[in-house]
Amino acid sequence: MSTATTHDAHHEEHPKGLLRWVFTTNHKDIGTLYLIFALTMFFIGGAMAMVIRAELFQPGLQFVNPQFFNSMTTMHALIMVFGAVMPAFVGLANWLIPMMIGAPDMALPRMNNWSFWILPFAGTMLIGTLFMQGGAPAGGWTMYPPLVLQTGNAFPFLIFSVHLLGISSIMGAINIIVTIMNMRAPGMTMMKMPLFVWTWLITAYLLIAVMPVLAGAVTMLLTDRFFGTSFFNAAGGGDPVLFQHIFWFFGHPEVYIMILPAFGIVSAIIPTFARKRLFGYSSMVYATASIAFLSFLVWAHHMFTVGMPLTGELFFMYATMLIAVPTGVKVFNWVATMWKGSMTFETPMLFSIAFVMLFTIGGFSGLMMSMAPVDFQYHDTYFIVAHFHYVLVPGAVFAIFAAVYYWLPKWTGNMYDEKLGKLHFWLSTIFVNVLFFPQHFLGLAGMPRRIPDYSTQFAGFNEISSIGGFAFGLTQLLFLYILIKTVRGGSKATDQVWEGAEGLEWTLSSPPPYHSFTVAPEVK
Amino acid sequence: MFVSKIKRLLTAVVGFVLLFSVGGASADYVLNLRQGVTPISHDAYDLHMFVFKICVSIAVVVFGAMFISILKHRKSKGAVPAQFHESTTVEIIWTVVPFLILIAMAIPATKALVVAEKPGQPDLEIKVTGYQWKWGYEYLGENVSFISALSTPTAQIYNKQPKGPNYLLEVDHPLVVPVHKRVRMMITAGDVIHSWWVPDLGMKKDAIPGYINEMWFNIEKEGTYRGQCAELCGKDHGFMPIVVIAKNEADYRKWLAEQKSKKAADSASADRDWSMDELKMRGKKVFASNCAACHQASGMGVPGVFPALKGSSVATGPKIAHINTVLHGRPGTAMSAFAKQLNDIDLAAVITYERNAWGNNTGDLVQPSEIKAAR
Numbered sequence: 001m002s003t004a005t006t007h008d009a010h011h012e013e014h015p016k017g018l019l020r021w022v023f024t025t026n027h028k029d030i031g032t033l034y035l036i037f038a039l040t041m042f043f044i045g046g047a048m049a050m051v052i053r054a055e056l057f058q059p060g061l062q063f064v065n066p067q068f069f070n071s072m073t074t075m076h077a078l079i080m081v082f083g084a085v086m087p088a089f090v091g092l093a094n095w096l097i098p099m100m101i102g103a104p105d106m107a108l109p110r111m112n113n114w115s116f117w118i119l120p121f122a123g124t125m126l127i128g129t130l131f132m133q134g135g136a137p138a139g140g141w142t143m144y145p146p147l148v149l150q151t152g153n154a155f156p157f158l159i160f161s162v163h164l165l166g167i168s169s170i171m172g173a174i175n176i177i178v179t180i181m182n183m184r185a186p187g188m189t190m191m192k193m194p195l196f197v198w199t200w201l202i203t204a205y206l207l208i209a210v211m212p213v214l215a216g217a218v219t220m221l222l223t224d225r226f227f228g229t230s231f232f233n234a235a236g237g238g239d240p241v242l243f244q245h246i247f248w249f250f251g252h253p254e255v256y257i258m259i260l261p262a263f264g265i266v267s268a269i270i271p272t273f274a275r276k277r278l279f280g281y282s283s284m285v286y287a288t289a290s291i292a293f294l295s296f297l298v299w300a301h302h303m304f305t306v307g308m309p310l311t312g313e314l315f316f317m318y319a320t321m322l323i324a325v326p327t328g329v330k331v332f333n334w335v336a337t338m339w340k341g342s343m344t345f346e347t348p349m350l351f352s353i354a355f356v357m358l359f360t361i362g363g364f365s366g367l368m369m370s371m372a373p374v375d376f377q378y379h380d381t382y383f384i385v386a387h388f389h390y391v392l393v394p395g396a397v398f399a400i401f402a403a404v405y406y407w408l409p410k411w412t413g414n415m416y417d418e419k420l421g422k423l424h425f426w427l428s429t430i431f432v433n434v435l436f437f438p439q440h441f442l443g444l445a446g447m448p449r450r451i452p453d454y455s456t457q458f459a460g461f462n463e464i465s466s467i468g469g470f471a472f473g474l475t476q477l478l479f480l481y482i483l484i485k486t487v488r489g490g491s492k493a494t495d496q497v498w499e500g501a502e503g504l505e506w507t508l509s510s511p512p513p514y515h516s517f518t519v520a521p522e523v524k
Numbered sequence: 001m002f003v004s005k006i007k008r009l010l011t012a013v014v015g016f017v018l019l020f021s022v023g024g025a026s027a028d029y030v031l032n033l034r035q036g037v038t039p040i041s042h043d044a045y046d047l048h049m050f051v052f053k054i055c056v057s058i059a060v061v062v063f064g065a066m067f068i069s070i071l072k073h074r075k076s077k078g079a080v081p082a083q084f085h086e087s088t089t090v091e092i093i094w095t096v097v098p099f100l101i102l103i104a105m106a107i108p109a110t111k112a113l114v115v116a117e118k119p120g121q122p123d124l125e126i127k128v129t130g131y132q133w134k135w136g137y138e139y140l141g142e143n144v145s146f147i148s149a150l151s152t153p154t155a156q157i158y159n160k161q162p163k164g165p166n167y168l169l170e171v172d173h174p175l176v177v178p179v180h181k182r183v184r185m186m187i188t189a190g191d192v193i194h195s196w197w198v199p200d201l202g203m204k205k206d207a208i209p210g211y212i213n214e215m216w217f218n219i220e221k222e223g224t225y226r227g228q229c230a231e232l233c234g235k236d237h238g239f240m241p242i243v244v245i246a247k248n249e250a251d252y253r254k255w256l257a258e259q260k261s262k263k264a265a266d267s268a269s270a271d272r273d274w275s276m277d278e279l280k281m282r283g284k285k286v287f288a289s290n291c292a293a294c295h296q297a298s299g300m301g302v303p304g305v306f307p308a309l310k311g312s313s314v315a316t317g318p319k320i321a322h323i324n325t326v327l328h329g330r331p332g333t334a335m336s337a338f339a340k341q342l343n344d345i346d347l348a349a350v351i352t353y354e355r356n357a358w359g360n361n362t363g364d365l366v367q368p369s370e371i372k373a374a375r
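Residue numbers (the numbering used here), protein chains in the order written: chain A, 1 to 524; chain B, 1 to 375.
If we strip away everything but chain B, and leave its shape as in the complex, we get:
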C-alpha cells in the first residue's frame, strides 16, 4: 500500500518537473544564481555552485540511506529491529568529517570575502543616497548629481495597460558608469534603511541613515544591469528599482559632459523669474515622480497614512511654511527633506503646482530665488 503511494507521489513529482521544463522553454525562467559581470559576482557564483554540489552529495548519501532503510527495514517485510543504539566511534566520525568539509568550504569563502571587502584605489566614486522611494546619485568631484526613480507607468501596475519588457525594473535617470574601471559606491540613506543591489554586480550593501557604507565593482561588459532595493523601506519598497548602464570610456565621458552642460543650463535659468505656466507644467512632472507615491496624483493622499494636499492648511497657508515643510521634511514621518534631493527650480515648480492644483487656487507663484533664500 505504501509502495503504491510512493509510486503515485513519484508520478506527481515527475509531472511537476515536466510542468517546469515546458514552462521554462516559453518564459525564460532562471533556475540558478546569476553569474554576473564583475569579479565579485563570479566568485559568488563559483562558491554558490561549490557549496551547492557539496550539499547535493551529502543529501544523496543521507537521504539515500534513509530511503534504503524505509524500503527495506519495514515491519511489513518482516524486519526485526536490531539492538544497537550507541557508538562513540560513529559519533566521532560524523562530527569530524562534516567539520573537515566545513574547513574545505571556509577556505574559498574566506578568499572571496577578502577580495570583496578589499579597499582599493577607485577610478570613480559615486555617492548613493536611498530615499523613500528613489535613489540619489552624486558623482563625487564631477559636480553631477540626479535622482533616479521608477518610470513604469501606474497604468501598467494597475493592469490597465500591458506590462512592458522591463516592468518595474526601469527608471527615469539610470546610473551610468564606465566599464573596466574600479567604481567605489559610497552608500547612505536620507530617511529609512534601504539596500542597493544589482544582482549582476554581485554585491548588496545597506543604505543606512548616518552611515556611509562602501562597496565596489568593476564591470567587465558593456550593457544595462537592473536591480532593486532589497531592504523593506515602506509602502513603495517594491517600486524603487536600480538601473546601471555600463558604457565604454569614450561614451561615458560624452554622457558626463552632457550632464554637466544640462546642469549649467539649469543653474543659469535659476536666477530668472519664471512664469506661472512654466512652473506649473514643470511642477506637475516633479510632483508625479517625487510626491504622488504618497500624496497621490489627485492630491487626496491616503486617509490616515499620508495627508491630503488638496485644501490642506500647508498648501493653502503661508508660502514660507510650505517651502520649509518641503525643504526640511517632517522628522518621524515618511515626509522627507527635499532640500538635498531637488534643485531650486524643481522645488519652486512643485510648490507652485501644489498651491494651484486640485482647486488650491492660492494664485501664489514661488520663484527659484525664493527657494534659494529659504535654504
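Next up, chain A with everything else stripped away, as it sits in the complex:
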C-alpha cells in the first residue's frame, strides 16, 4: 500500500508556475490550454462579428471602410473555424478521451504539447496581419484566387499560419487515433466506446485526410504569387476553378470535423438527463461513419454556379441529398432517447435540446440548398449565411457549451451556478435566433453575403439581426463569468456528478487525479 502511495506521489509532480504549462505533457493540462485558447479566440472572432453587425446595422457606410469590412468577415471566419471551434473540440478530446477509455494519459504526450503550442503562434501571426501594410486578408476564408492574390503583405503570413494550424490539427488527430486504438481499458471493445470517442475517432481520420489537401492548395497559391507558377492563373494556362475543387474537397469534410464531435457530446448528455440508455447506439456509429464517407463526395455543391456540366450537377445534388438520411437517423435517435425517459433540465441538457432543434433547422436549410436549381438563387446570399451559422453556432458552439457545463464539475470538482447557467442558456438561445433567423429572409429577398452596405429594402431585418448579434455577444461574457466563478469555488461535486451519468470518467474522483487511470479499469 505504501509503495503505491509513493508511486502516485511521484506522478503528481510537475513544475510550478508558468513552466508547468509550457512543458506539460499531461492530457488535462493540455486540454485546459486548448480550451482557454479556444475561448480567447471565440471572443476575438466574436469582436470581429460585432464590427460586422455594427456596420450592417443600417444602410450606408458608418464605421469601417469596405476593405476593412472584408478583412473582418475573412478573419472572423478563419479565427472561429481554426481558432475557436476546432481547438475547443481538441481540448475536449484531450480532457475526456483518456478518462472515457480508461487510459492514464494520451498516447503521445510530447507531440500533444507541441500540437498545442503551435497554435498561439499561428493565431498571433494570423491576427498580426491586421497591422500589416495592405491590411489583413480580405478575400474570404475560402481564399479563392485570383482575388486572394491581391492581398497585401499579409499574404505569406496567411498561408504560413494556415500551414501551422493544419500541422497542429494533424498532430492532434494522430494522437487521438493512436490513443483510442491502443489505450482502451481491457474489455472496452470498439462497439462499447462512448459515442464521443467514436465521433472523435472518425473526425480524426477526416482531419488526416483533408488537412494536407488544404496545405497543398494554399502552397500552390504561394507559388503562384511568388515563384511564377500558374496553377490558378488562366492567363498562364492554369485554372481558377481548380482551387475551388481542391479547397472544397478539404472544406466539406472540414464542416463535419466541426460537427461530428458535437454529435458525440449530445449523445452523451441526452441519455444522462433522460435517465435512459441512448437509443440505437450502433446505428449512431454507422450514421456517423456514413456522414464522414459522404463528406468526400459532395464538395462541388459549394460550386453549383461555377458552370459545371449537367451530369456533374446531378451527381453532386443527389450525393448531397443523401446526407439527410444518416443525419435524420441521428436526430430520430436523440428524440427516441428522450421519449419515455425521466427528464430533468439542467444547463447541459437545455443546450443539448436546443442543439437538436436548431441544428435540425440548419439541416433543413441545407437540404433546401442541395437542390441545385434553387441553389442558383440561394447561393452566396444571406440564406447560406443563416444556414451555416445555424449549424455552427447553435450547432457546434452550443454543443461545446453543453460539454463544458456537463464536465466542468468533473474537471474542477466544483458545481457551476445552475441559475446563471440557465440564464446563459435562455439569453443565448433567444438571441441566437434573433440574430440568425431574419438572415433567412434577407437571403431569400436577394441580399448577397459579404457586402458592407445594402439596398434599403434589407434595412429592417439587418437591424433586428444586429440587435440579436450584440445581445448574443454580451451574453457570452456571462459564460466567462460563470467559468471563472466555478474554477474558483462552488459547492463540491460528487464523483458521479449527475444522477444518470454513466461511463468511466464518472468513476474517477472530482477533480480527477493528475494521471487518470494508473490501473486500467475492467469494462464488462
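What the hints contain is simulated information worked out from the structure, not anything from laboratory work.
On a predicted model such as this, the values are computed, not experimentally measured, just so you know.
Treat the hints loosely; a few may be bogus.
[Said to hold, decoys possible] List of simulated lysine-lysine pairs, DSS-like, C-alpha gap at most 25 Å:
no., chain 1, residue 1, chain 2, residue 2
1, A, K419, B, K75
2, B, K284, B, K319
3, A, K492, B, K75
[To be verified] Listed next, the stretches of chain A that the computed footprint assigns to chain B, with coverage defined by at least 3 CB atoms under 8 Å from CB atoms of chain B:
no., segment
4, 133-140
5, 269-283
Glycine included, every Cβ here is placed at the ideal spot set by N, Cα and C.
Following the hints, put chain B in place on chain A, whose structure we already have.
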C-alpha cells in the same frame, strides 16, 4: 418552474412575431423567395416551396414528438424511464422513409435542372465581363458594347444625402433586352471571379477569368429588374449592381439603333484632335466612374492598398508608360487592363485628366490617336 419559463419564452416569441408584422406593413419586407419573371425562376420558386413544405411537415412531426416528450416524460412529473434502447425495425423505417421522400424531391429538382441547363437556339447573345467593380456588356454581332457601373452618389453611401429609392441598385448604363426572347448570356471576367445575378431572372452564374460560362433567360414581363454581383470580388464587391430593362421588341430595336448611332458618332470624332478642356472635362467623368473607387476622387489613393496618382511617377513621368499602364493594367494587382473596357476617347481623356489634375501640372495632352497607336 420550467413551464413558467416556456410561457415567458412564448411571450417573447409572440412579441417578436408582432414586431415583424407591424414593421412589415410599413417597410415592404420580403419574407419569401421571389417568384421572378422567367420560366427558370418559376421552377426555382415552385421547388423552393415544395421542399420548404416537406421540411415544415418533418419539423412538425419531429419537434412535436420532442415537445410532447419534454412536457410529459419529465422526472418532476414522476416519469419512470422506459428500458427500450434499440429496434432494428424502427431504424430501418426511419432510414427508408426519408430516402423515399428524397426521391420525391429529386424528381422535380432533376426536371428543373435539365430545363435550366438546356442549351437552346438563342435569339440574342450578350457577352458579360465582370471587372473590379463594374460590368461590361457586349451585344454579339450588333457592334454594341458598354460598361455598366454604380450610379448611386458617394454622398448617399456616406450618409450625407438621403438615400434614393434604388440605393445601390442603380447603374449608369443598364442592360436592355427584349421580352419573350431567349437571351443567352456568355459570362466571363477580366480580373477576379464575379457572379452575375438578377434574382428575378432565376439564375446566377460565376464570371471567371479564362472561362466563358453560359446562362439563359426568357423574360415574360416588361420591367426593370435589379441584381448584384454575388461573388466576393474585393473592396467594392457590394457596389457593382446589375440593372436589366426588359422592353418590347420595337422599343428594344429603337434603343439598339440609338446605341449604334452614338457609337458611330464617337468613332468619327476619335480621329480629330481634341482640346485640353474637352479632354479634361470628359476625363473627370471617366475617372469618377472607373478609377475613383481605388485611386479616390482626390487622387490620393488608399495608403498601402491603392497607390496615389497625385505626384506619382507614372502620372507625372513619360506619357507612353502611363498609357501602357492604363491599357494593360498591372497583373497581380487590382489595377486592371482598360484596353478592352474603354474606347480611345475615354482613355485619352482620363489619362489627360490624370496628368493635369491635383497639381500634376505636366501640361501633357493625350490624343485619342495616340491611344490607338499604343494599343
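Inset, instruction - With a cut-off of 25 Å on the C-alpha distance, tell me whether K284 of chain B and K319 of chain B pass. - result: holds, 18 Å
Inset, instruction - Go check the segment 133-140 of chain A versus chain B for me, would you? Three or more residues, Cβ under 8 Å, otherwise it fails. - result: Since 6 is at least three, the answer is holds.
Inset, instruction - Would you mind confirming whether the straight-line C-alpha gap from K419 of chain A to K75 of chain B stays at or under 25 Å? - result: holds, 19 Å
Inset, instruction - Report holds or violated for chain B covering the segment 269-283 of chain A, Cβ cut-off 8 Å, minimum 3 residues. - result: Holds, because 10 residues of the segment 269-283 of chain A bring their Cβ atoms closer than 8 Å to Cβ atoms of chain B.
Legend entry - Given pair status - K75 of chain B, K492 of chain A, alpha carbons within 25 Å: OK: K492 of chain A and K75 of chain B at ~24 Å, within 25 Å.
Of the hints listed earlier, there is not a single one the structure fails to meet.
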